[in-house]
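Residue numbers (the working numbering), protein chains in the order written: chain A, 584 to 695; chain B, 98 to 210.
Think of the hints as simulated: they come from the structure by calculation, not from any bench. All C-beta atoms, glycine included, are put in the ideal place defined by N, C-alpha and C. Incorrect hints may appear among the rest.
[What the hints assert, rightly or not] Using C-beta positions, here's what the derived DEER-type ranges look like: (1) A:H593 to B:T207: 19 to 29 angstroms; (2) B:R158 to A:D646: 42 to 52 angstroms; (3) B:S109 to A:G655: 41 to 51 angstroms; (4) B:S106 to A:E635: 31 to 41 angstroms; (5) B:L143 to A:E651: 21 to 31 angstroms; (6) B:L195 to A:K654: 15 to 25 angstroms; (7) B:H169 to A:Q624: 18 to 28 angstroms; (8) B:N150 to A:T693: 38 to 48 angstroms; (9) B:I159 to A:D646: 34 to 44 angstroms; (10) A:D646 to B:N164: 39 to 49 angstroms.
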Amino acid sequence: DTGVSQDPRHKITKRGQNVTFRCDPISEHNRLYWYRQTLGQGPEFLTYFQNEAQLEKSRLLSDRFSAERPKGSFSTLEIQRTEQGDSAMYLCASSRDRLEQYFGPGTRLTVT
Amino acid sequence: GENVEQHPSTLSVQEGDSAVIKCTYSDSASNYFPWYKQELGKRPQLIIDIRSNVGEKKDQRIAVTLNKTAKHFSLHITETQPEDSAVYFCAARDGSTLGRLYFGRGTQLTVWP
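With these hints in hand, go ahead and build the complete structure from the sequences.
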């Protein structure tokens, strides 16, 4: 499968724990995006990388959230001290320059 | 930032009928408008997109129209089939950002056989 992949697909954690998600973009894509989707809503932008540089962050991305793309390939999104309000589907997308964005299957986070 | 409104939130049609979903956007600088289809538990899938220098684009049974003056764009699906049932999202990318998409809230389309 040469599409965007994400791991894990599901994560259940207790409030206060830290979680980390991984996204592997399509290999030739230099741009990588993180979105969050809650039930009944469209995806909401969190942050964006061009190669290894994080170029844009949403106000939704509080200090508890951090994202990296160390070698310009895969990316990780970490949430520290999780809260119940963090429960959502976390989607990763990639694109080549400003062309079409292709989404991964998402990581569904449940905070209990 | 950009604000995208999408209507209707639910749409039920009989197989073979047409379906139309409409979106409006607020930022006149927006220049790219994709549509995604999301089946239950699956990733959003890009089905068609249109850029601001084009008024209409068609791909088999799917078409998208754009009215820049009125700041609205629409998805048209003809000869609907049960497998078209899904949630459809419109999105807009404004010219001032580096690539983020602003999404509507989605339309649940149900096609009855």
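Consistency of the hints with the structure:
1. A:H593 to B:T207: 19 to 29 angstroms: Holds - the Cβ-Cβ distance for A:H593 and B:T207, about 27 angstroms, lies within 19 to 29 angstroms.
2. B:R158 to A:D646: 42 to 52 angstroms: holds, 47 angstroms
3. B:S109 to A:G655: 41 to 51 angstroms: holds, 45 angstroms
4. B:S106 to A:E635: 31 to 41 angstroms: For B:S106 and A:E635 the Cβ distance comes to about 39 angstroms; the hint holds.
5. B:L143 to A:E651: 21 to 31 angstroms: About 26 angstroms separates the Cβ atoms of B:L143 and A:E651, which means 21 to 31 angstroms holds.
6. B:L195 to A:K654: 15 to 25 angstroms: holds, 20 angstroms
7. B:H169 to A:Q624: 18 to 28 angstroms: Between B:H169 and A:Q624, where Cβ atoms are some 21 angstroms apart, the hint holds.
8. B:N150 to A:T693: 38 to 48 angstroms: holds, 43 angstroms
9. B:I159 to A:D646: 34 to 44 angstroms: holds, 42 angstroms
10. A:D646 to B:N164: 39 to 49 angstroms: For A:D646 and B:N164 the Cβ distance comes to about 41 angstroms; the hint holds.
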